[in-house]
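Quick mapping for you: the protein sequence lines, in order, are chains A and B. Heads up: the first sequence is residues 12 to 178, going by the numbering used here. Heads up: the second sequence is residues 60 to 520, going by the numbering used here.
One thing to keep in mind: the hints can contain errors.
As the list claims (entries may be wrong) - Simulated pairs of lysine-lysine, DSS-like, Cα-Cα distance not exceeding 30 Å:
#1 A/126 x B/126
#2 B/276 x A/77
#3 A/115 x B/436
#4 B/126 x A/141
#5 B/323 x B/510
#6 B/424 x B/436
#7 A/115 x A/153
#8 B/176 x B/118
#9 A/77 x B/118
#10 B/197 x B/276
#11 B/182 x B/118
#12 A/115 x B/276
#13 B/197 x A/141
#14 A/153 x B/221
Note that these hints are calculated values from the structure, not bench results.
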Amino acid sequence: MLLPTDFNSMNNIGQTRLINEILEMNKESREFNLVLTPRDAASILEARNEFLQQLARIEMSIDVSKSLIRNFCNSSFITPEDYVATLIELHEIFYHIKNETDDKIGDNELIRVMKDYFENSCGGSLELLKSMLASYSEEFRKTTVVHTLLKEDQNGDFKKSGNKPNE
Amino acid sequence: MEISKNPETNRMSKKIHKNTKESKGEPFTLALIKAGLRAGRVSKEEVEYFQLQIMDILKDLILRYTKGESTSVKVDTAADILNSIIYSIDAGLQSINDPDAAFQIIKNGAVWQVYDKGLALVKACFEESKTLYRNLRKSRLRVGLEAYDLTIDEGLAIFFDKYGPVFEAHHTMASIDYPLLFDDMSIQGVFYFKRYIETLSMENRFCKMVPEEEIKKVLMAHGRIHQMDYTKILINIFELVLSAVFFAVLSEENPVTLVMSDMKYRVLATKLNSLSSVQLDMIIDEGLNMVMHAMGINEKELSDYIRKYKDTLKTRLASALATDSLKNFVLMEDEPLFGKIKTIFTDGERMSDVNFQKLIGRLIKELDITAKASLIKSEVHSLEDFIDILEGSCLFGSEYFYLFSQLSDPELALLAEVVFSDEMRNGPIDLSKSISCKILTSMEWQDQFIKFLAGARYCQV
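With the rest of the complex left out, here is chain A (with noise of 0.2 Å):
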């Protein structure tokens, strides 16, 4: 019987056309001179493989790496020289803050926010983004408690456990 993490090798077998659907993306990106061969599409979807593996990861489709591709191929700060390195390591950013803020971040919300903090606090600096994304996830935990615990309160939880804030 299959596993869901047998989701992610499954892709593997339709590799060509997922290759394919990567390489599509330069449609958009070789207007920035960010241009990815069929070798560096199969880089980018093998590390996204074993991110997947070592975070506990199945994901469904390549519309994540699709869409990393289009909201930072016109950052100023990615050069053709480290453009695979640095798709990579976004990638890697990704999944990592979406365990960390327990899915409760939806995959668009996250690569906005990723690409803010890139062009506008970060320089283009991947450490500074990795820094800045874990002072981000945190206080989006925090802020996710209190919403809980707020949507609790209006649901009547306090008074059924005899915590009612106004007694």
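Once you have looked at the hints, place chain B on chain A.
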């Protein structure tokens, strides 16, 4: 939750925890696939395609789970959703009830079809269970048993609050403490809960034929035997009531008078003790039929459930007769020797000489033995003081009997150790033999104690 240390109580005390993500062995779908492969009914390629289709459902559900906001999830989450899918597919395949048709579905890779069918069954079962639960709450017993009340009010309520047929079909998110007489633990998820509620409701229907006050008496008598607060015991009410009704009909008592008088008990014990194993088997059969007749039970499911108890009843009864502990099984209204929860003396708390002399004076003046016993209970807290009282010439004749009857078994054993100290030097003794051989002692209380034990038929210390 309190669990009795008494083996008799433990036998009936099952604590059941239905938790999330618990494994229940191989799912039906996987067993079917393996059987199909072994028998050559499906090919490896067909099975692979079937599995890919399951993954397709998983992909769809993960997107729904994340509300389309995320294309990836943690492996644990995915595994949980996959188990939920398999649970529904199991329900769909099992409902077909035709192995050929089931293999055909695997061959055709018609997974979505069978999944949808199974999910519909799970949802329908959940809705049915909600109705059954509402009825259960209305028709519940009010006898003060904590495990019973908590299971109905909280354990089951949590399940209905948290359960989700799509993503958590296989979950059993509840803590069910109350044990059924016969519980099918091989099933899980909502199908387990439906079965549990149906069975508990059926047990309740039977118990409702008896006044709740009688059930309370039975529970209290059971608590006395095991020296426990009956409200804390993990015990199946149906089993207690059924066996009490069984003994009542055997004694030609009113079947809903569950707690037996001492006289009726003696007659019953004599009758049961004279039976061979074959006769015991026959009388149990006959007795259970009499129970169903006396209670007017026509419902097949309940009749079958009662008959299913026959083997357990026979084992328990045979064991009680063999170990001369029938009194732990047949519940009695007034038990002169058993079930003294309050002990009179504990070691190390001796009275002062002044207080002791005052007590002796009051006991001599007092004519009523119950008042004397109450005085002793309230003032005496050590074995030494108790023996001094027994030797203090303040009790007469049958008063000793009454006082001994107020003692708990451990207290009687302590006194027996004093009286039979010579005999016990070389280890445990057969008390029934020692009682008959014991030459009268020089102390009245010891002579009275031996007579008391002879009457009580204690066998071993």
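Results for each hint:
no., hint, verdict
1, A/126 x B/126, "23 Å, holds"
2, B/276 x A/77, "73 Å, violated"
3, A/115 x B/436, "66 Å, violated"
4, B/126 x A/141, "27 Å, holds"
5, B/323 x B/510, "24 Å, holds"
6, B/424 x B/436, "17 Å, holds"
7, A/115 x A/153, "12 Å, holds"
8, B/176 x B/118, "19 Å, holds"
9, A/77 x B/118, "18 Å, holds"
10, B/197 x B/276, "23 Å, holds"
11, B/182 x B/118, "21 Å, holds"
12, A/115 x B/276, "55 Å, violated"
13, B/197 x A/141, "58 Å, violated"
14, A/153 x B/221, "24 Å, holds"
In summary, the numbered hints that this structure violates are 2, 3, 12, 13.
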